[in-house]
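Novice: Full structure from sequences and hints, please.
Chain order of the listed sequences is A and B. Under the numbering used here, residue 237 is the last one in the first sequence; the count climbs by one each step, no gaps. Under the numbering used here, residue 237 is the last one in the second sequence; the count climbs by one each step, no gaps.
If you're looking for bench data, these hints aren't it; they were derived computationally from the structure. Careful, some of the hints might be misleading.
Same chains, same label: a pair holds when it works inside one copy or across any pair of copies.
Said to hold, decoys possible - Listed below are the simulated DSSO-like cross-link pairs for lysine-lysine, each with C-alpha atoms no more than 27 Å apart in a straight line:
(1) 77 / 228
(2) 167 / 77
(3) 50 / 221
(4) 19 / 228
(5) 228 / 29
(6) 228 / 50
(7) 221 / 167
(8) 206 / 77
(9) 206 / 221
(10) 29 / 206
(11) 19 / 167
(12) 167 / 206
(13) 19 / 29
(14) 50 / 167
(15) 19 / 221
(16) 19 / 206
(17) 206 / 228
Number of protein chains: 2
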Amino acid sequence: MARRDRDYQSIGEVLVALKPEFPDVSISKIRFLETEGLIDPERTASGYRKFYDADVQRLRTILKLQRDEYLPLRVIKQRLDGQAGPGETEGSAAPGPAPAEPDEERVERTPNVRMNADEIAAAAGVDREVVEDLTSFGVLRPETIGGVGSYNGEDLQVLRMVSEFVKYGVEARHLRMYRHFADREAAFFEQIILPMLRQRNPDARKMADEALAELTRSSRKLKDALLKGTLRRSLPG
Amino acid sequence: MARRDRDYQSIGEVLVALKPEFPDVSISKIRFLETEGLIDPERTASGYRKFYDADVQRLRTILKLQRDEYLPLRVIKQRLDGQAGPGETEGSAAPGPAPAEPDEERVERTPNVRMNADEIAAAAGVDREVVEDLTSFGVLRPETIGGVGSYNGEDLQVLRMVSEFVKYGVEARHLRMYRHFADREAAFFEQIILPMLRQRNPDARKMADEALAELTRSSRKLKDALLKGTLRRSLPG
DNA sequence: CGCGGTCTCAACCTCGGGTTGAGACTTCAC
DNA sequence: GTGAAGTCTCAACCCGAGGTTGAGACCGCG
Numbered sequence: 001m002a003r004r005d006r007d008y009q010s011i012g013e014v015l016v017a018l019k020p021e022f023p024d025v026s027i028s029k030i031r032f033l034e035t036e037g038l039i040d041p042e043r044t045a046s047g048y049r050k051f052y053d054a055d056v057q058r059l060r061t062i063l064k065l066q067r068d069e070y071l072p073l074r075v076i077k078q079r080l081d082g083q084a085g086p087g088e089t090e091g092s093a094a095p096g097p098a099p100a101e102p103d104e105e106r107v108e109r110t111p112n113v114r115m116n117a118d119e120i121a122a123a124a125g126v127d128r129e130v131v132e133d134l135t136s137f138g139v140l141r142p143e144t145i146g147g148v149g150s151y152n153g154e155d156l157q158v159l160r161m162v163s164e165f166v167k168y169g170v171e172a173r174h175l176r177m178y179r180h181f182a183d184r185e186a187a188f189f190e191q192i193i194l195p196m197l198r199q200r201n202p203d204a205r206k207m208a209d210e211a212l213a214e215l216t217r218s219s220r221k222l223k224d225a226l227l228k229g230t231l232r233r234s235l236p237g
Numbered sequence: 001m002a003r004r005d006r007d008y009q010s011i012g013e014v015l016v017a018l019k020p021e022f023p024d025v026s027i028s029k030i031r032f033l034e035t036e037g038l039i040d041p042e043r044t045a046s047g048y049r050k051f052y053d054a055d056v057q058r059l060r061t062i063l064k065l066q067r068d069e070y071l072p073l074r075v076i077k078q079r080l081d082g083q084a085g086p087g088e089t090e091g092s093a094a095p096g097p098a099p100a101e102p103d104e105e106r107v108e109r110t111p112n113v114r115m116n117a118d119e120i121a122a123a124a125g126v127d128r129e130v131v132e133d134l135t136s137f138g139v140l141r142p143e144t145i146g147g148v149g150s151y152n153g154e155d156l157q158v159l160r161m162v163s164e165f166v167k168y169g170v171e172a173r174h175l176r177m178y179r180h181f182a183d184r185e186a187a188f189f190e191q192i193i194l195p196m197l198r199q200r201n202p203d204a205r206k207m208a209d210e211a212l213a214e215l216t217r218s219s220r221k222l223k224d225a226l227l228k229g230t231l232r233r234s235l236p237g
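Specialist: Here it is as structure tokens:
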């Protein structure tokens, strides 16, 4: 009678499963990742770790991020534990050399900030006009509250990047293409994700989140690779 | 008579210049980066380091990559020295799902590999048909040698990412948008870079390379931020 | 029943990324 | 010209991240 009918794997089985893709994984490493809070497998009555598919998938994601993106574990953790991951958000608003907070732990940031056009312009170090143009071209989409645009932390992220382009003389209207593309891409992802959400599986939500994160990463790399390849051909270099 | 008419800065001046943006920088760190081969400032007759604008710019780039992307110094170095990867040329077009080369010295480079459709399909673990479809949709653009497509390492990168999408049931034709966008973006960058190359400055080439790298990074973040923002609104999150 | 798998816990290790200090030279400001 | 401030090298040291290595005890399955 094979006992293989249980619906989880032991740590050793997981090891074997991951080894081909991640030769550097080890039992002690997996355990270590648990002590660091990156995974949290259930236990049997006697204390053995139980790895369900979702756990293994998460482990795979962790190892991939570590190997391919060189992310430190604390960042991986943040990024996986709810989108609490602050998209990085380097602190200190304001262009001025403001000593800023020693800050140290850059947790919590982003979503609940609220700024008007002047504030966000100042925070990103660009002219207010840039903000207005970006908004009118739809690159930024502030919520409109009482007829006045209200920008959030994500908009600030965008604006900071735009400010890099501005240095090279790029104008807001040139950046519309980025907005259009983001919309198309989001719609594309939605088509993939929505069916997953409709499943009556209790884990559906969790799986969908993981899937979305993975799609986002893959698409980023795809865009990168295509862009680089194209540039290499079109620019002498 | 102010001696300020020299066209370079001392290490201390550089420190002051960078401090606002990178509070953690220090003199010893800058020197350390030199011993690690990441920068290579000229020296005065008496041995003092001379930092020209391009050196400072490079330094800034290094610090940004370290802080925002968490890249280890050796990876930053490789990435900035562009092409100069070590060893490489694994050539292991391993079959099977994913042993491939985790490669250790990541991504970026593998220019001189040459594969036909079957080989690249095997290396990425997808069906040959996927390769054919991608090629016919222009997502992959192999050189055609004697009527036969010849794919390189960049194509393999792309194909690996595509294989992630395939898992979710995406078909090659859905990915055409990525190709279109990469083309538009490359053309956009070209418009920014070409004027820089035409300058009769001896450093023009170097500056243009730096600029291109910076644009690439900024645009990546911009795309990321826009996509995430859009997803957050369109998918219940 | 025994052999291999798994558990915890503390000690240990390596490496990346710097810091510190000593001792000597250079440059700036007056 | 002289001293204070800045810079140089070089070796030694430091710290944290990310694990590894046993020792000793407990499961579990054939």
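Novice: For residue 19 and residue 29, with the copy left unspecified, which applies at a CA distance of at most 27 Å: within, between, both, or neither?
Specialist: Within one copy only: 12 Å inside a chain, 38 Å across chains, cut-off 27 Å.
Novice: Should residue 19 paired with residue 228 be assigned to within, between, both, or neither, using CA atoms and 27 Å as the limit?
Specialist: neither (31 Å within a copy, 32 Å between copies)
Novice: First find the shortest C-alpha distance between residue 167 and residue 77 inside one copy, then the shortest across copies, and answer within, between, both or neither for a cut-off of 27 Å.
Specialist: between (34 Å within a copy, 25 Å between copies)
Novice: What label fits residue 228 with residue 29 when the C-alpha limit is 27 Å: within, between, both, or neither?
Specialist: For residue 228 and residue 29, neither the intra-copy (35 Å) nor the inter-copy (31 Å) Cα distance is at most 27 Å.
Novice: For residue 206 and residue 228, with the copy left unspecified, which applies at a CA distance of at most 27 Å: within, between, both, or neither?
Specialist: between (33 Å within a copy, 17 Å between copies)
Novice: Checking residue 228 and residue 50: alpha-carbon separation at most 27 Å within a copy, between copies, both or neither?
Specialist: neither (42 Å within a copy, 33 Å between copies)
Novice: Could you figure out if residue 19 and residue 206 sit no more than 27 Å apart (CA to CA) within one copy, between two copies, both or neither?
Specialist: within (25 Å within a copy, 42 Å between copies)
Novice: One pair to classify: residue 77 and residue 228, alpha carbons no more than 27 Å apart. Within, between, both, or neither?
Specialist: between (29 Å within a copy, 18 Å between copies)
Novice: First find the shortest C-alpha distance between residue 221 and residue 167 inside one copy, then the shortest across copies, and answer within, between, both or neither for a cut-off of 27 Å.
Specialist: both (26 Å within a copy, 16 Å between copies)
Novice: Between the shortest in-copy and the shortest cross-copy C-alpha distance, which are at most 27 Å for residue 50 and residue 167: within, between, both, or neither?
Specialist: Between. Shortest inter-copy distance 25 Å satisfies the 27 Å Cα cut-off; intra-copy 53 Å does not.
Novice: How do residue 206 and residue 77 come out at 27 Å by Cα distance, when the copy is not named: within, between, both, or neither?
Specialist: Within. Shortest intra-copy distance 15 Å satisfies the 27 Å Cα cut-off; inter-copy 38 Å does not.
Novice: At most 27 Å between alpha carbons: which applies to residue 19 and residue 221, within, between, both or neither?
Specialist: within (23 Å within a copy, 32 Å between copies)
This entry does not satisfy hints 3, 4, 5 and 6, going by the numbered hints stated previously.
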